[in-house]
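> Now for the letters of each chain:
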Amino acid sequence: MPSFKGVLKKDSNGNLCLKIRISPENPEEYEIPFEELLEEFINKRVKIDIMQLTSKLEDLNE
Amino acid sequence: MSEHKKKINFGVIGTGARSGSLIRTLTQDKEKRGDIIALCDTRTNALEKYENIIKNNLGHGCKKYYDYLELLRDPEVDAVVISTPDYLHYNMAVEAFNLKKHVFLEKPVGINLDQMIDILRAAKRSGKILEVGYVLRYSPFFIEIKKMIDQGIIGRPMFVQAIEEYYGAYHFNRGWWRKKANTGGIMIQKICHDMDLFYWMFGKPKRVAAFASINEFKPGNWNSDAKFCHECKNRCPYYSTPQGRTYSDECVYNSDHDVEDNAQVIIEFENGVNLSMGMVFFNSLAQDDRHWKVIGNKGEISGRLSEQIIRFDPRHDHTLKKSILYECAATSLGGHGGGDEVQMIEFLNALSEGREAKAGLESAYWSSILVMGAQISADIGKVILIDDLVKKYPFPH
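Just so you know, the sequences run in chain order A and B.
Residues in the first sequence are numbered consecutively from 0, following numbering that gives the first Met the number 0.
Residues in the second sequence are numbered consecutively from 0, following numbering that gives the first Met the number 0.
The hints are simulated quantities; they were obtained by calculation from the structure and are not laboratory data.
Among these hints, one or two may not hold up.
For lysine to any residue, the following SDA-like pairs were computed, each having C-alpha atoms within a straight-line distance of at most 20 angstroms [stated by the list, open to error]:
hint, chain 1, residue 1, chain 2, residue 2
1, B, Lys146, A, Leu52
2, A, Lys46, B, Ala328
3, B, Lys321, B, Ile294
4, B, Lys145, A, Glu57
5, A, Lys46, B, Lys320
6, B, Lys99, B, Asn111
7, A, Lys18, B, Lys381
8, B, Lys292, A, Lys18
9, A, Lys18, B, Tyr238
10, B, Lys320, A, Lys18
11, B, Lys146, A, Glu57
12, A, Lys46, B, Ala285
13, A, Lys46, B, Ile323
Some chain B residues judged to face chain A by a derived CB distance under 7 angstroms, without partners named [said to hold, decoys possible]:
hint, residue
14, Leu98
15, Ile152
16, Phe311
17, Leu324
18, Tyr325
19, Glu326
Here a beta-carbon is modelled for each residue, glycine too, at the ideal position from N, C-alpha and C.
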C-alpha cells in the first residue's frame with residue numbers, strides 16, 4: 000500500500016503534483032504529478048486521507 | 000589531559016551483526032574521540048571482516064583476541080563494547096567492571112534478575128560508565144513522544160497502548176535464541192527495550208502482570224515434520240538459510256524452541272498511568288512495526304516508529320479538524336528508528352564529559368525490575384508488586 004509524504008504543489012501546467020524523494024537512497028526531490036502517483040488506482044474505489052504535516056512542536060499547543 | 004578528554008581506546012567483544020553497526024558508528028565519529036584497538040570473537044572470519052572495516056575507516060589494524068578475558072586485561076583498552084549472546088553478558092560485564100573498563104553492554108542487561116543486579120553492583124563499585132543498548136531512546140519518534148508528554152501537549156498521560164509486531168522473529172526462535180535458558184524469555188529478549196522507554200516516560204511502576212505463550216510456532220501448525228529448513232519439502236514463508244538473516248535454520252514450527260511467540264503485559268504506574276504492551280511474532284508483514292498510542296486528559300498521540308510521524312488529536316475537538324500530523328524525522332533513518340547511529344555517539348559524549356550515560360545505571364535498573372517482573376508474572380501466573388522486587392533487589396548505591 001503506497002504512502003506519500005511531500006510538498007503539495009502545482010507544476011508549470013497548473014497540475015497538482017507532490018514534491019517527494021523517490022527513494023530512501025536518493026536525497027533529491029522530484030515533482031511527481033498526481034496522475035502518475037495514483038495511476039494504479041484509476042477506476043478503483045479508494046479511500047484518501049490527507050493531513051498537513053508540521054515539524055514544529057508549538058503547532059500542537061495552539 | 001584529564002581521563003575524560005583523551006581519545007578512548009575501545010575493545011569490541013563479539014563481532015556479529017549488532018556490533019557491526021556500533022563499530023561503523025565509532026569509526027565514523029566526526030570528532031574522532033574513539034579508537035578501536037582490539038576485537039574479540041571465537042570466529043576468525045568475523046574478526047578479519049571487522050578488522051578490515053577498521054583498517055578502511057581508521058587506517059590501522061587492531062589486536063585480535065579469542066579469549067575475552069585477555070582483551071579485558073589489556074591495559075590499553077579503556078572501554079569495551081559487549082555484543083555477544085545474551086547468556087554471556089553476565090560474566091563479561093562483571094569482569095569488565097572489575098577490571099575498570101567503561102562498558103557499552105548490548106541489551107539485555109542479563110537473563111535473570113540476579114545477573115542484572117550483580118552487573119549493576121559491579122558497575123557502581125567500579126565507578127565506570129555503563130550504557131545499555133536501549134537504542135530506541137535515541138530514535139526521533141520516541142524522543143518527540145517524550146517531549147510531547149513533558150511539555151503537556153496531551154496533558155496528564157493516563158492510558159497507553161503499545162504493540163510490537165515483528166514478523167516471523169527470524170532469529171528469535173532459531174539458534175541459541177530459541178531457548179529460554181539462553182535468553183530468559185521473550186520479555187527479556189524483546190520487551191526490555193520498551194520497559195526502558197516506559198520507565199523513561201512514565202516513571203516508577205507499581206504493578207505488572209503478563210501472559211506469554213507459544214501460540215502459532217508449534218508442531219502441527221505447518222504441514223511439515225522437518226526440524227530444519229534445509230530438510231523441508233513444504234517450505235513455509237519463514238523459510239531461511241543460514242546465510243540469510245539467521246545463523247541457523249531450525250524450523251520455526253517444529254524445532255525444540257521454548258521462547259514464546261507472543262506476550263501481553265499490563266503495567267500500572269505510581270502516577271496512575273495504565274499501560275498495556277503486546278509483542279507478537281506471527282503478525283502481518285505489512286504491520287511489522289512498533290505502534291504506540293498515549294492518551295492524556297487534553298488529547299492523544301499515536302504513531303508507528305517506521306513512519307516517524309506522530310498524530311495528535313485534541314480531546315474535545317467537535318469539528319474533527321484540529322488533528323495534526325507531526326513529523327519527527329525523514330523516514331530514511333538507520334536501524335531501530337534511527338537510534339543505532341546516535342547511541343554510540345551519546346556513549347562517546349558521556350565518556351568525554353565524565354557523566355552517567357542516558358541508558359546508564361538508573362535506566363538499566365528499572366528496566367530490569369520491570370522486565371523481570373513481567374517475565375515472572377507470565378511464568379507463575381500472578382500479578383507482581385514492584386515494591387516486592389525492589390525490596391529484594393534494591394538499587395545499588
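> Each hint needs a verdict: does it hold in this structure or not?
Now the hints, each set against the structure:
1. B:Lys146 <-> A:Leu52: 18 angstroms, holds
2. A:Lys46 <-> B:Ala328: 26 angstroms, violated
3. B:Lys321 <-> B:Ile294: With Cα atoms ~16 angstroms apart, Lys321 of chain B and Ile294 of chain B stay inside 20 angstroms; holds.
4. B:Lys145 <-> A:Glu57: Roughly 15 angstroms between the alpha carbons, so the hint for Lys145 of chain B and Glu57 of chain A holds.
5. A:Lys46 <-> B:Lys320: Given pair Lys46 of chain A, Lys320 of chain B holds - Cα atoms ~18 angstroms apart, limit 20 angstroms.
6. B:Lys99 <-> B:Asn111: 24 angstroms, violated
7. A:Lys18 <-> B:Lys381: Roughly 54 angstroms separates the two Cα atoms, so the pair is violated.
8. B:Lys292 <-> A:Lys18: Violated, because 30 angstroms separates the two Cα atoms, which is more than 20 angstroms.
9. A:Lys18 <-> B:Tyr238: 39 angstroms, violated
10. B:Lys320 <-> A:Lys18: Outside the cut-off at roughly 24 angstroms; violated.
11. B:Lys146 <-> A:Glu57: Satisfied, since the Cα-Cα distance of roughly 11 angstroms is no more than 20 angstroms.
12. A:Lys46 <-> B:Ala285: 18 angstroms, holds
13. A:Lys46 <-> B:Ile323: The hint holds at about 19 angstroms.
14. Leu98: 42 angstroms, violated
15. Ile152: 5 angstroms, holds
16. Phe311: 5 angstroms, holds
17. Leu324: 5 angstroms, holds
18. Tyr325: Holds: closest Cβ of chain A sits about 6 angstroms from Tyr325 of chain B, inside 7 angstroms.
19. Glu326: 5 angstroms, holds
Checked against the numbered hints given earlier, this structure breaks hints 2, 6, 7, 8, 9, 10 and 14; the rest are met.
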